[in-house]
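Here the protein sequences come in this chain order: D and E.
Every letter in the first sequence is one number past the one before it in our numbering, and letter 273, counting from 1, is 273.
So our numbering is basically just the index in the second sequence, starting at one, shifted up by 1000.
Rather than coming from a laboratory, the hints here were simulated on the basis of the structure.
Treat the hints with care, since some could be wrong.
[To be verified] A few chain E residues that don't get close to chain D, going by computed Cβ distances all over 12 Å:
#1 Asp1041
#2 Gln1070
#3 His1236
#4 Gly1385
#5 Arg1399
#6 Gly1406
#7 Arg1427
#8 His1462
#9 Ala1470
#10 Asp1473
#11 Glu1481
#12 Asp1502
#13 Gly1508
#14 Glu1513
[Claimed, not checked] Below 20 Å or equal to it, Euclidean Cα-Cα: the simulated SDA-like pairs (lysine to any residue) are:
#15 E:Lys1485 to D:Asp84
#16 E:Lys1485 to D:Glu108
#17 D:Lys284 to D:Arg269
#18 D:Lys64 to D:Asp84
#19 D:Lys284 to D:Ala265
#20 D:Lys64 to D:Glu108
#21 D:Lys284 to D:Glu4
#22 E:Lys1485 to D:Gly52
#23 E:Lys1485 to E:Leu1467
#24 E:Lys1485 to E:Glu1425
#25 D:Lys284 to D:Ala270
#26 E:Lys1485 to D:Lys284
[Claimed, not checked] Counterexamples of contact, computed for chain E against chain D with all Cβ distances above 10 Å:
#27 Ile1118
#28 Pro1132
#29 Ala1365
#30 Glu1463
#31 Asp1511
Note that CB positions come from ideal geometry on N, CA and C, so glycine has one too.
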Amino acid sequence: MKPEVVVVGSGMSGLAAGVALAEAGVGVLVLAKGAGSLQLAPGTIDLLGYAGERVTDPLSAIAKLADRDPRHPYALLGAEAVADAARWLSSRVAEGPLAPYRYVGSPEQNMLLPTALGVLRPSALVPETMAAADLRHADRIVVVGFRGMKDFYPSLIAENLMRATGGAVSVRATQIDPPSGLDGEPGTFRLARSLDRPGEAAALAARLAAVVQDDEVLALPAVLSIGDPHGVWETLQRVIGRPVCEIPTLPPSVPGLRLFDTLRALLRRAGGRLVTGSHVVGTKGSGDRVEAVRVHVSGGERSYPTRWVVLATGGVASGGLTLDPDWRMWETALGLDVAGVPAPEELRFSSRYLDPHPLSRAGIAADRDLRPLDADGARRWENVLVVGAALAGAEPWREKSGEGIALASGHRAAQLILNAERRVQETVPEGVAEPIA
Amino acid sequence: MTQLQADLLVIGGGATGAGVAWDACLRGYRTILVDRSDLADGTSGRFHGLLHSGGRYVVKDPRAATECIQENMILRRVAAATIEDTGGLFVSTPADDLSYSDEFLQGCLDTGVPVEEISTAEVLRREPTVNPAIRRAFAVPDASIDAWKLLHALARGITDHGGRVLTYREVTALHRDGDAVTGATLRDTRTGEETEVDAGFTINASGAWAGRISAMAGVGDVTIVPGRGIMIAMNHRLVNTVVNRCTMPADGDILVPIRTVSVIGTTDEPADDPDELTVAQDEVDQMLHAGDQLVPGLRNSRALRVWAGVRPLFRDARSQSSDRDITRAHTLLDHRDRDGVERFITITGGKLTTFRLMAQEAVDAMCRHLGDSQPCLTREQVLPGSESGEYYTVRARLRAREADPGNDPLVCECEMIPRGRLEREMREHATVNLDDIRRALRLGMGPCQGGFCTYRATGILHEVDHLDAATADEALVAFLEERWKGSWPILYGDQLRQARLDDWIYQGLLDVEHLPDWSAT
């Protein structure tokens, strides 16, 4: 099959675009260099957690942000597109391979979920397995860790949660031995895989029941299975008789992997393809259209002809953008111009880590149709759309907006391409526009 | 308030001060060593890691060259475990004047620095990354030395011999009784608690800060001109041998492989305040370009950190013609002869390679004042940890791990620090400061610069030390800020990518910026 759309990148934004297009019947090829960023992410969909103050209603805060800051990706997308994308993702996960595992929450209300440091993080959509720790509703929580697990510290989490809630929520901590039969130290993935084995969830539940008290919510590190999180979670809740929830841990992330597996399966189910190990090094094109994407393969290059390209390679952390020792910033796949880069003699970073940094908002400038703009503010390509963390104007980690921007822009890019294709088809019989070969 | 008695109070926990205390302990003096911060937190911990062969000085300062090679040979014997026997090369790059190489060779012969001319082909065989256009090369016995390991070995030696090491104690006053200095008031910089030390003798080994300390004793005119140098640690061992440019000492002319990294250094600019060492962007550019002369492509490889250290250069306002001082890399100020102040000596200047000699001269001077004729023992006495006489090798941690993988998980994968080792360090030193643990174990010094281990070490600190969460959080944020300090001026390429991944963890996942009251810390 000749792809109609090549998506470069397999993180949240690339897979959202790919799944939405494939499910609409478009031929999609997702080219990814590595495993994608989802496995680094907590697995929650944070739309907007902070806009100066902590955000309680992300949608209305996004609308305000869009008015205030026209260069922010959310200003290009609008709150409506964010709400659409959030609804869409919830529906897709619910029909995915891990169903009835699903996402819960609303784009109009942030939950406050504990981080692995015991901070309250505002999240809009979260896996059902995380929701019970919502600090807006919980009264008493017990945080349970596994002895020897180096990426989860229950007593620190508990004490910080008490501090953060001013003591309004009572949180205690304890540790249990990891499931027997683990081959090696109790790492995140090893624990999660062990719970995929028959009987393990029930055995763990029996041991957890012994440490939980009557009125407590039980919080565990996010290791409750890769293959059947709903089943394991439900088993624990049933046996223990109390709400159970997961707290995301350091990368690699089990809930992030579940989301990746879900989206990849949906893509394939709809006929899309994902080819990893594909290092995109440029394009072939003429005028204002890209005609093929060039990929570095062993021994040379390969070209994938395409009608559309969705650039979803991410920001600096994902390798989509890079800064060279002459302090010039590059977009690494297509060579697009990067906006918001301080001049070589200007400061790129503040000397204090927690202060804002001038370089943080650098990225690809785009218009409302997500077409990349060059240094003069003009569209460079008519059939390239930029999505996700490559977009300029946001500070995703500080704002807690990264997954939201990625999801909404990826989903929006799919709608824009579908609309354009529809227009082309409608107009062809009248002879107004030539179909693009 | 605590009251302590000592024969000798040594001020300054760098290599010189710890060397003085070690020497004095071996001669039977009850000694207290104090520093306002951790050991090796000043100049000693901020150098490039080179144990000089003396080759660098054979033309410019032959006397210093001879001192270096003599001390080099002594330290290899008494402190082997802190030294990696890398060997050193002096290479003439196309940008260097070849006539210098003749002077260099003659200088080595005159000063006793062992030298062997080797073919450029042999250099490229040993070190394939070195500039292939080099025209001449010499091998010398340079090595790399781990200042933190050295300081910890000295501290152990001091305490094993009845001395005391008090870190995080700032000298707030020196006591005078008539013409004599009789001790000091110390303030614990963490708790504010005060300690009075009555000391029979006081040695000021505070390096770039020596002028401030001697002023407390009422001694003026001790002017230290801090000579600031920047160094950049590259993520890999780009070379396994110390590589010097065969030219008069200049900026960016040396690349030192130490532990898992290699360090390019250095610059020399006068600084106003040794506590205010910023790194300018153009200095970074200049250093990377200079490094490219030695190892082409160095600029494009991954740079981990940049830092500045201060050489304590003494300017004697009293002496007009200072030829004597120019040839001497270090300076002993006998304040009895110079200023009429008894029982007080300042030792300053010098370089880490000659710290033992400086310490010996200072303690010899004290002994002369006290009419004590005991000989110095540090030339022969092996430091704790170096008894086997084996040099450190970069494979050591991996070899230990492979010999006994055990069940002890690695908390810091980059530097291969098992949890048990970290807990032991926390218990033994009862510190609440992750940066102290970094200096002791190299926590967070590898490629990810604390990305994973900062969180883990905080959690373990909270468990092991029974800290309250507020203190643990403060330790975490302080360590993130400390790591950022040496990172941001040099963030580009893969290291910037790494830093963004670390942001992802600390800001995106853990939300460290919204810890309760972090801003108040």
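Consistency of the hints with the structure:
no., hint, result
1, Asp1041, "holds (19 Å)"
2, Gln1070, "holds (40 Å)"
3, His1236, "holds (16 Å)"
4, Gly1385, "holds (28 Å)"
5, Arg1399, "holds (20 Å)"
6, Gly1406, "violated (10 Å)"
7, Arg1427, "holds (17 Å)"
8, His1462, "violated (4 Å)"
9, Ala1470, "violated (7 Å)"
10, Asp1473, "violated (7 Å)"
11, Glu1481, "violated (5 Å)"
12, Asp1502, "violated (9 Å)"
13, Gly1508, "violated (4 Å)"
14, Glu1513, "violated (5 Å)"
15, E:Lys1485 to D:Asp84, "violated (42 Å)"
16, E:Lys1485 to D:Glu108, "violated (39 Å)"
17, D:Lys284 to D:Arg269, "violated (30 Å)"
18, D:Lys64 to D:Asp84, "holds (18 Å)"
19, D:Lys284 to D:Ala265, "violated (30 Å)"
20, D:Lys64 to D:Glu108, "holds (13 Å)"
21, D:Lys284 to D:Glu4, "holds (15 Å)"
22, E:Lys1485 to D:Gly52, "violated (25 Å)"
23, E:Lys1485 to E:Leu1467, "violated (25 Å)"
24, E:Lys1485 to E:Glu1425, "violated (24 Å)"
25, D:Lys284 to D:Ala270, "violated (28 Å)"
26, E:Lys1485 to D:Lys284, "violated (43 Å)"
27, Ile1118, "holds (31 Å)"
28, Pro1132, "holds (21 Å)"
29, Ala1365, "holds (42 Å)"
30, Glu1463, "violated (6 Å)"
31, Asp1511, "violated (4 Å)"
Going down the numbered hints, you'll see the structure goes against 6, 8, 9, 10, 11, 12, 13, 14, 15, 16, 17, 19, 22, 23, 24, 25, 26, 30 and 31, while the others check out.
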